[in-house]
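**Q** Okay, here's what each chain looks like letter by letter:
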Amino acid sequence: MSIARIALGLARRELALAGIGAILLAGVAGLIVLQAAKAIAPCPGALAEGDCQGVGAPLLALQARSGTFFAAATAYALAAGIMIGVPVVASAIEDGTAAWTFAVAPARLRWLSDRLVPAAVVIAVATAVLGLVTDGVAGSLDPGVGPYSTFDWLGQRGVVLVGYALAGLSIGLLCGALFGRVLPALLLAAFLAGALLFALNALTVGWLDSSALPLGSDAPPRGSLLLSDRQGMPTYVPGSRYGEAVLIQTGLALAVAVSLLSAGSAVLVRRRPD
Amino acid sequence: MGRGLLLTLWLHRVSAVTCVAAVALLSIGLIGLAGSLRSAAAGCTASDPANLSDACLSLSLVGTIGDDAVNRLLPIVGIAPFLLGAVLGAPIVAQERERRTALLAWSWSPSRTRWLLASAIPLFALGLLLSVDLAIVGDVVERAHAPAIDASRSLANYGDRGPVLVTRFAVAFMVSLFVGTLLRRTLPALVVAVATGTVIAAGLAPATAFWVAPEIVAGPQSPIEIYQERMVEPVYVRPDGTRLGLEDGRAIDPGFDNPALGRLETYAIPGSRYRDVVFREAAVTALLCALVGAGVVLALRRASP
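These protein sequences, in sequence, are chains C and D.
Residue 112 in my numbering sits at position 112 of the first sequence, and the numbers go up by one each step.
Residue 1 in my numbering sits at position 1 of the second sequence, and the numbers go up by one each step.
No wet-lab data here; the hints were simulated from the structure.
Think about it this way: if two alpha-carbon atoms lie no more than 25 Å apart in a straight line, the pair counts; the simulated SDA-like pairs of lysine to any residue are:
1) K38/C to L261/D
2) K38/C to R250/D
3) K38/C to G139/C
4) K38/C to V145/C
5) K38/C to P58/C
6) K38/C to L246/D
7) K38/C to A260/D
8) K38/C to L244/D
9) K38/C to G245/D
10) K38/C to I23/C
11) K38/C to D248/D
12) K38/C to G146/C
13) K38/C to L24/C
14) K38/C to L60/C
15) K38/C to D135/C
16) K38/C to T242/D
17) K38/C to E233/D
18) K38/C to L25/C
19) K38/C to P143/C
20) K38/C to A61/C
21) K38/C to G136/C
22) K38/C to A71/C
23) K38/C to R243/D
24) K38/C to G144/C
25) K38/C to E247/D
26) K38/C to V235/D
27) K38/C to Y148/C
28) K38/C to R65/C
A short list of chain C residues far from chain D (calculated; beta carbon distances all over 12 Å):
29) A107
30) G139
31) E244
Here a beta-carbon is modelled for each residue, glycine too, at the ideal position from N, C-alpha and C.
Just chain C, with the same shape it has in the complex (with noise of 0.2 Å):
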């Protein structure tokens, strides 16, 4: 328990902007779940396929200006992982301490993990909170579908976030690892994450695209994903298949996230404390 204390005490002020940061996203989605629901108040109960007079507009409105919100959430996550990542071994080889820290600590694994652990765990769980927030913002904003069985805003909400906060604390910790300063590790680790989360995307939707069903006269259902195959016809894949897709991203994320964890630590252990 001490070592944990003294863990997330030296991560403070980390920690401190990442909850900043998350009371704000949390203010952000009560406002547009507030605002959601005064837009639907002249249909009490669900809406059906035909909307209410006059809600539509007002709803459609809204969902366009919450696209920043869920943007917002997104580098949330990413940043709040590569915030707690970066300094763990940059910070020590900068301040000069490392060489005493590993020195006296029984391994320098053991040493990362006493680091890493409690503070990861905490953004983990900050995380999971915030996707369960976005949830159900996204649930608000199209009542009549649920947001388990829509792609709106797909990647950018849900348990994937905590995939992301975790693929970008490993990112963090590897590019803290390597260059041994945390002004360029903070630099590269935010390019990579950038450069993850265009790949976890463009490989998601291409999974997806791989069984899009053909769309025909009909409008496609409601929360479905509008794609187009290689002769430019229309296609659509299913919001039941939404939880395949957050599935998808969410272990590609922990699986980058394990890798380059393992990546980090090979290098921590190899490297010269100055």
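Position chain D relative to chain C; hints supplied.
**A** Relative to chain C, chain D alone:
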């Protein structure tokens, strides 16, 4: 003075090299895009008018070509000044305090303000040069995107090109410097600086509509006129003279011909006011820079090394 300049750039070489490399790559990519847009537009001139491609059709009807690529890449130029400001400005004071070299550095210098000027000016100048490059490249892309339109009389892609990028970098740099002076660690300073820059960027985007008074749009407009101007949200003017916002009106009746709502008036800022908008935003951002700069000096004087 030259040695001092080189020393400052050496001390902050990571930030400097990263920014220069990023801007260079972005500039090369965008100049390539502008070249391909110009070639495509030239090809449209030689095409058979009865058999135009989608791109040439867009050029002939709306006056623009390559909308998809430009809409994806040009916004990166718009956010780049804020990122440059954060990366160059935040570590100046924060790094000295984190490495515990501030005591030595500040005691060797005649005053902390002199030290700050010596440290900040080279990086500020570097950032200004990079912003000027981005401003020029953004304009080059816009002129290739809309070849028949005078970019200096158009508000299209206003925040993603032109002199406004330089003034926005200045504000972002000063705010990041202030954040870095307050926080003792480089990493939190960078994160807060980026977050603050994002908020400033988000605030400046709709502020364009406030620098000059919008004018009422009388009669139908051509697609080119619509492209050049900056639309402001229309309002309903009721029979009793009161005004109702568009969303409130549509919540009452989604149609546009309800007599109780009154007539719908559309407002826009014409493209010809581009220079006025740029100058007024520059004046406000210069004032903001001065205020924040004063805050930096005060915070630095009170900061413990």
